[in-house]
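The sequence shown begins at 1 in the UniProt record's numbering and counts up by one.
Please keep in mind that the hints were generated in silico from the structure rather than gathered at the bench. Since the structure is predicted, the reported quantities are computational estimates derived from the model, not experimental observations. Positions of the beta carbon are idealized from the N, C-alpha and C atoms, including for glycine. Accuracy of the hints is not assured; some may be wrong.
As the list claims (entries may be wrong) - Estimated spans, in silico, between C-beta atoms of each pair:
id, residue 1, residue 2, range
1, 167, 399, 18 to 28 Å
2, 405, 38, 36 to 46 Å
3, 156, 303, 24 to 34 Å
4, 258, 320, 37 to 47 Å
5, 266, 404, 22 to 32 Å
6, 121, 48, 44 to 54 Å
As the list claims (entries may be wrong) - Simulated pairs of lysine to aspartate or glutamate, EDC-like, Cα-Cα distance not exceeding 16 Å:
id, residue 1, residue 2
7, 154, 130
8, 439, 404
9, 369, 404
10, 369, 322
11, 136, 265
12, 326, 265
13, 301, 253
14, 136, 39
15, 326, 188
16, 438, 404
17, 301, 42
18, 369, 435
19, 78, 57
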Amino acid sequence: MMVGSASALILASGLAGSKRASAQQTLRVRRNIANMSLDDPDLVAFRTFVGEMRARDQSNAPSWIKFADIHGGSFNFKYCQHGNWYFLPWHRAYLDMYEQAVIELTGHTRFALPYWDWSTQQAYPAAFTDPMYQGKPNPLFSPFAGDDLRQERKPVPSLPAAETGLGKISGLLNATILENFAGGRPFDETVTPPQVQNNVSPVWLGRRGAVSELESGPHNYVHDEVNGYMGFPAAARDPLFFLHHANVDRIWENWILQGHVNTTDPLWLDMVFPNHFLRMNGQTYSVRVDKVRRTADLGYKYDDSRAAARPLRSLAQTGTDEMRFKALFNPAATTVVPRARTERIGSATPSRPLSIPLNVPSASASSGKRVFAVMRGTHVGSNLHCVRVFVNLPSAGPRTPTTDPHYVTAINFFANKAHQGHMDPGHCYSVELTDALKKLGQNGPPVPGSLTLQLVPIQRTGAPATDLAVGPEMIDVGLV
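Working from the sequences, and respecting the hints, build out all of it.
Written out as structure tokens, the structure is:
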């Protein structure tokens, strides 16, 4: 494999992106696969690309496996960013790598990846379920992981509205800043006091931040529910991965179109993913976050891309919220936001959920009115599907419905059965409690001492009844 200098490749990548966007009078359109025929030109091109890449020597790049291994292999992750605020831009750059490769290999210059809108279409897209296409094996059919995994894809996914439906997505789109919507800036808890990211060294790409509800919610849920390759670090070996992540990318774009703005923090904008990506000529290249923050800069848009009537938030508003969130997610911060901490919490299991009393901080005149719980150092059993979070319902258990007004959200776990990568012990999860408290008639910040949080682990279907505990080392509750 040929590896060029990072600086030259960053420049080349940026120039290529500019030329792509400016050279096209119209943007390529990523469309809902539910509205596409099996012989749609974009599907034909993607099918051709997958087939040809799979037919190559998989030990050499570029090939289907070598492209997929950029994300991760059978039991470990490689370059993919999860659990911090680089989650969305890294995966956008990764999907763009595939789009450009499809265009180069097939000559279909208007190619754009379809997306699978699982919030309205629960069934797998038909193009991915038939083992044959026009009398030949269908390259898009990936019913199970390979011989090294032997984990079958579920024939029919169960995608409940509470986890992936329009109401869930609508709630996620209410997030006011990127760190709430997409994930928090990374921090290092191996030092004392803990250090929050303070430069753009690539070392921070290996650090955890706060996992957002977009990632731990529908993103992780769909990965785990589909199973097969999708339930492992090797998820990108399943062609359905790209339609799933195109939909996650679309949700990011819709968040922007609803009047929100990406952060202007240089720690986000100037971070470089160094030589993470691969061209069809075998050369690696780097991408800077600033080059992928706008879909138009990469030459595409979505078929439902239209700005909402919601006014743009001012930079001052966004800056205030960012300051509060930075303080909330900083393990060492003690000021800026009213915050209380509970430690030595213990572990929850399906047969023994936890009910945790929280000493809610008193609100001040300058406090925000949104309530967040941040679970730090969360250790997760390998046979858990998710942990459901309730507020002020000490009797909550595995059979408590997600339609109960005390229900907050589910934290879903992607690839924890692989014991590596995304589910390394000690993740940090951010959960907003505001909407659940409003449902219970509490429209302002909770009064001190009025809050209990319930953690209810849910066993993965068919998994052994062992290693089912989940336990955060501490929980912070803050007003933002």
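We went through each hint and held it up to the structure:
no.: 1; hint: 167 / 399: 18 to 28 Å; in the structure: holds (22 Å)
no.: 2; hint: 405 / 38: 36 to 46 Å; in the structure: holds (43 Å)
no.: 3; hint: 156 / 303: 24 to 34 Å; in the structure: holds (26 Å)
no.: 4; hint: 258 / 320: 37 to 47 Å; in the structure: violated (19 Å)
no.: 5; hint: 266 / 404: 22 to 32 Å; in the structure: violated (43 Å)
no.: 6; hint: 121 / 48: 44 to 54 Å; in the structure: violated (24 Å)
no.: 7; hint: 154 / 130; in the structure: holds (14 Å)
no.: 8; hint: 439 / 404; in the structure: holds (10 Å)
no.: 9; hint: 369 / 404; in the structure: violated (23 Å)
no.: 10; hint: 369 / 322; in the structure: holds (15 Å)
no.: 11; hint: 136 / 265; in the structure: violated (50 Å)
no.: 12; hint: 326 / 265; in the structure: holds (11 Å)
no.: 13; hint: 301 / 253; in the structure: holds (9 Å)
no.: 14; hint: 136 / 39; in the structure: holds (14 Å)
no.: 15; hint: 326 / 188; in the structure: holds (14 Å)
no.: 16; hint: 438 / 404; in the structure: holds (13 Å)
no.: 17; hint: 301 / 42; in the structure: holds (15 Å)
no.: 18; hint: 369 / 435; in the structure: holds (11 Å)
no.: 19; hint: 78 / 57; in the structure: violated (21 Å)
Going through the hint list in order, the structure does not satisfy hints 4, 5, 6, 9, 11 and 19.
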